[in-house]
Amino acid sequence: MKKVIPLLAAFFLLGILLVTGCKQKEEIGALPVKKEIGEPAYGDAIVVGSIGDARNLVPILASDSASADIVGLVFNGLVKYNKDIELVGDLAKSWEVSEDGLVITFFLRKGVRWHDGAPFTSRDVLFTYQKLIDPEVPTPYSGDFERIERLKIPDDYTVRVIYKEPFSPGLSSWGMAIMPQHLLEKEDLSNTKFSRHPIGTGPYRFREWITGDRIILKANEDYFEGRPYIDRYIYRIIPDQATMFLELKSEGIDEAGLTPIQYARQTNTNYFKKNFNKFRYPRFGYTYLGYNLLDPRFTDKRVRQAISYAIDKEEIIDGVLLGLGRIGTGPFPPESWAYNPQVERYPYNPEKAKELLAQAEWIDSDGDGWLDKGGRIFEFTILINQGNEARRKTAEIIQRRLREVGIRAKIRVVEWTAFINEFVDKKRFETIILGWSLARDPDPYDIWHSSKTKEGEFNFISYKNEELDRLLLEGRRTFDRDKRKKIYHRIHEILAEEQPYIFFYVPDALPLVHARFRGIEPAPLGIGYNFIKWYVPKEEQKYTQ
Amino acid sequence: MLRYLTRRLLQMIPLLIGITIISFAVIHLAPGEPTDLVTDLQPKVSAQAAERLRHLYGLDRPLHIQYLDWLKRLVKLDMGRSFLDNRLVSVKILERLPVTITINVLSLLLIIIVALPIGIVSATRQYSLFDKASTVFVFLGFATPTFWFALLLMILFGIKLGWLPISGLRSLSAASFSFGGRLLDMARHLILPVFVSAFGGLAGFSRYMRSNMLEVIHQDYIRTARAKGLSERAVIYKHALRNALLPIVTILGLSVPALIGGSVIFESIFAIPGMGRLFYESVMARDYPVIMGGLVIGAILTLLGNLIADITYAYVDPRIRYK
Amino acid sequence: MKEERLSRIIWRRFRRNKLAVGGGILVLFLFIIAFLAPLLSPYDPGEINVKNILLSPSRAHLLGTDELGRDILSRMIWASRISLKVGFVAMGIAILIGIILGALAGYYGGRIDNLIMRFVDIMLCFPTFFLILAVIAILEPSITNIMVVIGITSWPGIARLLRAEFLSLKEREFVAAARALGASDRKIIFRHILPNALAPVVVAATLGVAGAILTESALSFLGIGVQPPTPSWGNILTSGKAYIDLAWWLSLFPGLAILITVLGYTLLGEGLKDALNPRLER
Numbered sequence: 055m056k057k058v059i060p061l062l063a064a065f066f067l068l069g070i071l072l073v074t075g076c077k078q079k080e081e082i083g084a085l086p087v088k089k090e091i092g093e094p095a096y097g098d099a100i101v102v103g104s105i106g107d108a109r110n111l112v113p114i115l116a117s118d119s120a121s122a123d124i125v126g127l128v129f130n131g132l133v134k135y136n137k138d139i140e141l142v143g144d145l146a147k148s149w150e151v152s153e154d155g156l157v158i159t160f161f162l163r164k165g166v167r168w169h170d171g172a173p174f175t176s177r178d179v180l181f182t183y184q185k186l187i188d189p190e191v192p193t194p195y196s197g198d199f200e201r202i203e204r205l206k207i208p209d210d211y212t213v214r215v216i217y218k219e220p221f222s223p224g225l226s227s228w229g230m231a232i233m234p235q236h237l238l239e240k241e242d243l244s245n246t247k248f249s250r251h252p253i254g255t256g257p258y259r260f261r262e263w264i265t266g267d268r269i270i271l272k273a274n275e276d277y278f279e280g281r282p283y284i285d286r287y288i289y290r291i292i293p294d295q296a297t298m299f300l301e302l303k304s305e306g307i308d309e310a311g312l313t314p315i316q317y318a319r320q321t322n323t324n325y326f327k328k329n330f331n332k333f334r335y336p337r338f339g340y341t342y343l344g345y346n347l348l349d350p351r352f353t354d355k356r357v358r359q360a361i362s363y364a365i366d367k368e369e370i371i372d373g374v375l376l377g378l379g380r381i382g383t384g385p386f387p388p389e390s391w392a393y394n395p396q397v398e399r400y401p402y403n404p405e406k407a408k409e410l411l412a413q414a415e416w417i418d419s420d421g422d423g424w425l426d427k428g429g430r431i432f433e434f435t436i437l438i439n440q441g442n443e444a445r446r447k448t449a450e451i452i453q454r455r456l457r458e459v460g461i462r463a464k465i466r467v468v469e470w471t472a473f474i475n476e477f478v479d480k481k482r483f484e485t486i487i488l489g490w491s492l493a494r495d496p497d498p499y500d501i502w503h504s505s506k507t508k509e510g511e512f513n514f515i516s517y518k519n520e521e522l523d524r525l526l527l528e529g530r531r532t533f534d535r536d537k538r539k540k541i542y543h544r545i546h547e548i549l550a551e552e553q554p555y556i557f558f559y560v561p562d563a564l565p566l567v568h569a570r571f572r573g574i575e576p577a578p579l580g581i582g583y584n585f586i587k588w589y590v591p592k593e594e595q596k597y598t599q
Numbered sequence: 024m025l026r027y028l029t030r031r032l033l034q035m036i037p038l039l040i041g042i043t044i045i046s047f048a049v050i051h052l053a054p055g056e057p058t059d060l061v062t063d064l065q066p067k068v069s070a071q072a073a074e075r076l077r078h079l080y081g082l083d084r085p086l087h088i089q090y091l092d093w094l095k096r097l098v099k100l101d102m103g104r105s106f107l108d109n110r111l112v113s114v115k116i117l118e119r120l121p122v123t124i125t126i127n128v129l130s131l132l133l134i135i136i137v138a139l140p141i142g143i144v145s146a147t148r149q150y151s152l153f154d155k156a157s158t159v160f161v162f163l164g165f166a167t168p169t170f171w172f173a174l175l176l177m178i179l180f181g182i183k184l185g186w187l188p189i190s191g192l193r194s195l196s197a198a199s200f201s202f203g204g205r206l207l208d209m210a211r212h213l214i215l216p217v218f219v220s221a222f223g224g225l226a227g228f229s230r231y232m233r234s235n236m237l238e239v240i241h242q243d244y245i246r247t248a249r250a251k252g253l254s255e256r257a258v259i260y261k262h263a264l265r266n267a268l269l270p271i272v273t274i275l276g277l278s279v280p281a282l283i284g285g286s287v288i289f290e291s292i293f294a295i296p297g298m299g300r301l302f303y304e305s306v307m308a309r310d311y312p313v314i315m316g317g318l319v320i321g322a323i324l325t326l327l328g329n330l331i332a333d334i335t336y337a338y339v340d341p342r343i344r345y346k
Numbered sequence: 273m274k275e276e277r278l279s280r281i282i283w284r285r286f287r288r289n290k291l292a293v294g295g296g297i298l299v300l301f302l303f304i305i306a307f308l309a310p311l312l313s314p315y316d317p318g319e320i321n322v323k324n325i326l327l328s329p330s331r332a333h334l335l336g337t338d339e340l341g342r343d344i345l346s347r348m349i350w351a352s353r354i355s356l357k358v359g360f361v362a363m364g365i366a367i368l369i370g371i372i373l374g375a376l377a378g379y380y381g382g383r384i385d386n387l388i389m390r391f392v393d394i395m396l397c398f399p400t401f402f403l404i405l406a407v408i409a410i411l412e413p414s415i416t417n418i419m420v421v422i423g424i425t426s427w428p429g430i431a432r433l434l435r436a437e438f439l440s441l442k443e444r445e446f447v448a449a450a451r452a453l454g455a456s457d458r459k460i461i462f463r464h465i466l467p468n469a470l471a472p473v474v475v476a477a478t479l480g481v482a483g484a485i486l487t488e489s490a491l492s493f494l495g496i497g498v499q500p501p502t503p504s505w506g507n508i509l510t511s512g513k514a515y516i517d518l519a520w521w522l523s524l525f526p527g528l529a530i531l532i533t534v535l536g537y538t539l540l541g542e543g544l545k546d547a548l549n550p551r552l553e554r
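Protein chains in written order, with the working numbering: chain A, 55 to 599; chain B, 24 to 346; chain C, 273 to 554.
I should point out that these hints are in silico values taken from the structure, not numbers from a laboratory.
We treat Cβ as the ideally placed atom computed from N, Cα and C, and that holds for glycine.
One thing to keep in mind: the hints can contain errors.
[What the hints assert, rightly or not] Chain B stretches covered by chain A per the calculated footprint, using a threshold of three residues with CB under 8 Å from any CB of chain A: (1) 141 to 153; (2) 176 to 182; (3) 187 to 198; (4) 286 to 294.
[Unchecked claim] Using 25 Å as the maximum straight-line C-alpha spacing, the simulated DMTMM-like pairs for lysine to aspartate or glutamate come out as follows: (5) B:LYS95 / C:ASP393; (6) C:LYS323 / A:GLU369; (7) A:LYS247 / B:GLU118; (8) A:LYS408 / C:GLU319; (9) C:LYS545 / C:GLU443.
[Stated by the list, open to error] Computed spacing ranges between beta-carbons, pair by pair: (10) B:HIS51 / A:LYS596: 49 to 55 Å; (11) B:TYR90 / A:GLU262: 37 to 43 Å; (12) A:GLU409 / B:HIS51: 44 to 50 Å; (13) A:ILE381 / C:PRO310: 36 to 42 Å; (14) B:LEU86 / C:ARG383: 22 to 28 Å; (15) A:LYS247 / C:ARG383: 52 to 58 Å; (16) C:TRP520 / A:ASN584: 36 to 42 Å; (17) B:LEU269 / C:LEU387: 56 to 62 Å; (18) A:ASN324 / B:TRP186: 21 to 27 Å; (19) B:MET209 / A:GLY280: 35 to 41 Å; (20) A:GLY510 / C:ARG383: 51 to 57 Å; (21) B:GLU255 / C:ARG288: 40 to 46 Å; (22) C:LEU311 / A:GLU520: 56 to 62 Å.
Modelling step: build the complete structure from the supplied sequences, incorporating the hints.
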């Protein structure tokens, strides 16, 4: 699984949520799964709707969520999370971590075959590692692997990873999909047929990709955990949200992620109750507004705090999420053990906001309704990515509330790729609304450490705080859970006080699955983790070949 | 005929050059920083970014050299590779083109079948009830926002009545159908997009036909024909119609760009992986090689449309000799 | 005076065309609404109230509320200003460029004509919507950019029309007379020929305004139309389409507004065309 990927637009996440699962027991699966169980049977197909097409199916280059959805079914990592969010073996049968935490030894599963029949061995792991750290390969996932000093393969089924220094997030980083050496070693990864015709070890084999239309996967009958029940996985690309919903209404699609309004209101009809099951669980991530701290106006903590006071997070939860999510207070979601419940929360208080802004010398000196300082009015752009309704609405609400304290905000919507490449990476923004989809290990080093501000790195707001830097390093060197917890609680406190981000909310994932699919067991990780065990009883199968 | 064709093709060359220059110019609007976002805060970062961009596009060389380079490659149909997935631009466009052309040709046919009779009858019965009703009808088509109309039709035919598929081009089990079955399946998927696209274009053609017809009817030779005592039917359908139809051919050619442009909308709403959708996606992602390719190909399609129209015209109109 | 009579004839012809008169009334009505927006609008169009999300039409909110609880009637009324602005500014730009280039080409002929007309031909080859999309997305979607880009992509048709008028008018006696009296080219173009050549331009412009309104709604559908917080019919309709099954009012009213307005302009334009073209008289 990825370390930290920017939380893609809700529309990108419409696909099956195999990659990002979620926690918290009491809220899981808000609705009971309907219909009797029926006999497990092979066959049928599931049609999953996605707004965006995949771009690149080379696992270490797949950075959009459509590609990640497909990669998640075609490939395996060495480890994965089970439904209770504990790390378990995937391609690795077991592993050992040395006393000092510097060495992880993986013992690989024997008898696993690539979809073309070639055996999977430790050489594939070595190859994947080499490509991950190869500066010529433009992968966004190299960060965790650069901590490795050496990777040795004493035999075909053993991998020994030696870290430069203790690295607590190390083990979970091996959820990264492993690529076949025998097919790729002579290929240029940036320009290979493999990117449109992947061959992996996973439960589904790649079958066909009709650009912009659909991607078809077929069950891998020799899968090492057993043949998946559902024969075909069809990923349909439907660019328009409204069309997608109509397809759901006509049973053209079997699974899609819902928007809060769709979940709370549009699917409350008899048709949906009869034909679909809805699920709800918290996402492991949060949505925020980040300031470009190279902009002198935002370096003043009082200004950032004032803006936090000027915004009503409750209003955003009600208006944007219809209550299907919770307020964010810092860099960890409430489900994380690193979450500190006792931090500053910034309740809605426009008077206090104005007061703080006045302290920072932002006052309306000419009576035009906008604050100014040195002859310039307080005006900035909120950059958001296209296609994410929740963020667009959030931006509109903020725009309105800021207007009431005298700050003029403009909204600019940019498509995801351009958004990342031209604006985020190059720091060409004033403020930005984004989300982080987090790994289960809480280490937030990449987002907050002051060394991570180079182009393409994740501290693109250029935040710098010495105490935080120290704590971040300490956190990832510490293996003891209680000690780590204390460190992260302090980190949470600092960031809540400093407000380099406005932490808005932790949204819920709201998938909808056709009722003919059985075997879905909502768990802390979500619903996608046991996808290979989903089935349709013979008499209810819809797509027969 | 051959000489006429050669001459027409030769005439296209300056146009083609103009097209490439404009496409090239549009793209070079881009690397200049977006105006409203603060870039001068961090000279180092912007400088680096700018440099990388320059390197990527070869922008450090003089503009005319860049253009000539690009043109040279374009002639060899080498339009570079997409920034998004590193695939050849020509391949990406080619795989999308047939769908878009099919839909547009079908929609043109439908327009002609419906719009011409409307125009003719409107003209022969100017200010009649039919004239007025049909005027409102065709303008309704023009005035309805395409995507809204499409959604309404999808709800009506896809959900309420359940007669037609909502989106896409083929059913999921289409692969197992016979050839005829597949064709039928595709046809069912195309009904709504073609209808939506044609409905918007009715107005232009029918109104044009109407005014042409009116003009012809008032000409001397028609009056003469009437005076000779020919029946009204014979006058209209034998003499007037033929002459009024001719200019329509030209309009056909001219309507190509609007159709291609419009495909962006209905391909998005109907989830059809065509050229319009590709162009939109690349524009939004600033995938410059694909944008340039799309502009050039779109314009060339128009040129071809015009050429076909001209040839047809020359073929039908006895007054034109191929010189 | 002769001109007086001609305009009366035109008016009489126009008046007889009920559809055109209807279109004209619609357009006039729209102007009044846009002009009186602050008086007519019952609420602040930007007032967000998340307790009132997607309320159906009622006495308090005659056309219901949108996904952020804003009053749709107020937003629709204010949006009428945007569609007027987009339509007229865009067409203003197109007409300005079209008149200058068309007049130059038609009046001087020869190489200037050739050059300008080749340029027109090239512009007419591009799928206009592609050009508009590319430029707006690359620059930035803002009302100004939208108006300017629509304007600078829709002048070629007007230039063509004007050139044709100039070609025929410049051979008339009154032009020769003016020239004999020593009038400058500029004076002849703008004082003598242009006023007589404007009729088809007016028609084209009326239709062009309709086209610009449609283009804005299409851009809104693609997410690069008029940006929030400014309401436009296009962006209200676009946000409404996602809730078409739940809140029909959110897409129906802006959809109808666009439809009726565009219909109004086109009927008006067509009526003018018929009225201004003597040959179509029965």
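Right, here's what the structure says about each hint:
Residues of the region 141 to 153 of chain B lying with their CB closer than 8 Å to a CB of chain A number 0, which falls below the three-residue condition for coverage. Requiring three or more residues with a Cβ within less than 8 Å of a Cβ of chain A, the coverage given for the region 176 to 182 of chain B holds, as 4 such residues are present. Residues of the region 187 to 198 of chain B with a Cβ under 8 Å from some Cβ of chain A number 7, which satisfies the need for three, so the listed coverage holds. By the rule of at least three residues with a Cβ nearer than 8 Å to a Cβ of chain A, the coverage given for the region 286 to 294 of chain B holds, with 4 such residues.
A C-alpha spacing of about 23 Å is found between LYS95 of chain B and ASP393 of chain C, which places the hinted pair at or below 25 Å, so the restraint holds. A hinted pair counts as satisfied when its Cα atoms are at most 25 Å apart, and LYS323 of chain C with GLU369 of chain A qualifies at roughly 9 Å. For the given pair, LYS247 of chain A sits about 16 Å from GLU118 of chain B by alpha-carbon distance, which is consistent with the 25 Å threshold. Proposed proximity of LYS408 of chain A and GLU319 of chain C is supported: the alpha carbons are some 20 Å apart, at most 25 Å.
Taken as a hint, the LYS545 of chain C and GLU443 of chain C pair is honoured in the structure, with Cα atoms around 24 Å apart against an allowance of 25 Å. A hinted range of 49 to 55 Å holds for the C-beta pair HIS51 of chain B and LYS596 of chain A, which are about 52 Å apart. Hint check: TYR90 of chain B to GLU262 of chain A, Cβ distance near 39 Å, so the stated range 37 to 43 Å holds. In this structure the supplied range 44 to 50 Å holds for GLU409 of chain A paired with HIS51 of chain B, their Cβ-Cβ distance being about 49 Å.
A C-beta distance of roughly 37 Å is found between ILE381 of chain A and PRO310 of chain C, which places it inside the suggested range of 36 to 42 Å. The hinted window of 22 to 28 Å between LEU86 of chain B and ARG383 of chain C holds, with their beta carbons roughly 26 Å apart. Look at LYS247 of chain A against ARG383 of chain C: about 53 Å separates their beta carbons, and that is inside 52 to 58 Å. Range check, TRP520 of chain C to ASN584 of chain A: about 40 Å between beta-carbon atoms, so the 36 to 42 Å window is met.
For the pair LEU269 of chain B and LEU387 of chain C, the supplied restraint of 56 to 62 Å is violated, since their beta-carbon distance comes to about 29 Å. Between ASN324 of chain A and TRP186 of chain B the C-beta distance comes to about 22 Å, which sits within the given range of 21 to 27 Å. Distance hint check: the CB atoms of MET209 of chain B and GLY280 of chain A are about 38 Å apart, consistent with the given range 35 to 41 Å. In this structure the supplied range 51 to 57 Å holds for GLY510 of chain A paired with ARG383 of chain C, their Cβ-Cβ distance being about 53 Å.
Between GLU255 of chain B and ARG288 of chain C the beta carbon distance is about 24 Å. The supplied range of 40 to 46 Å is therefore violated. Look at LEU311 of chain C against GLU520 of chain A: about 58 Å separates their beta carbons, and that is inside 56 to 62 Å.
In the structure shown, a violation is registered for the earlier hints numbered 1, 17, 21, in ascending order.
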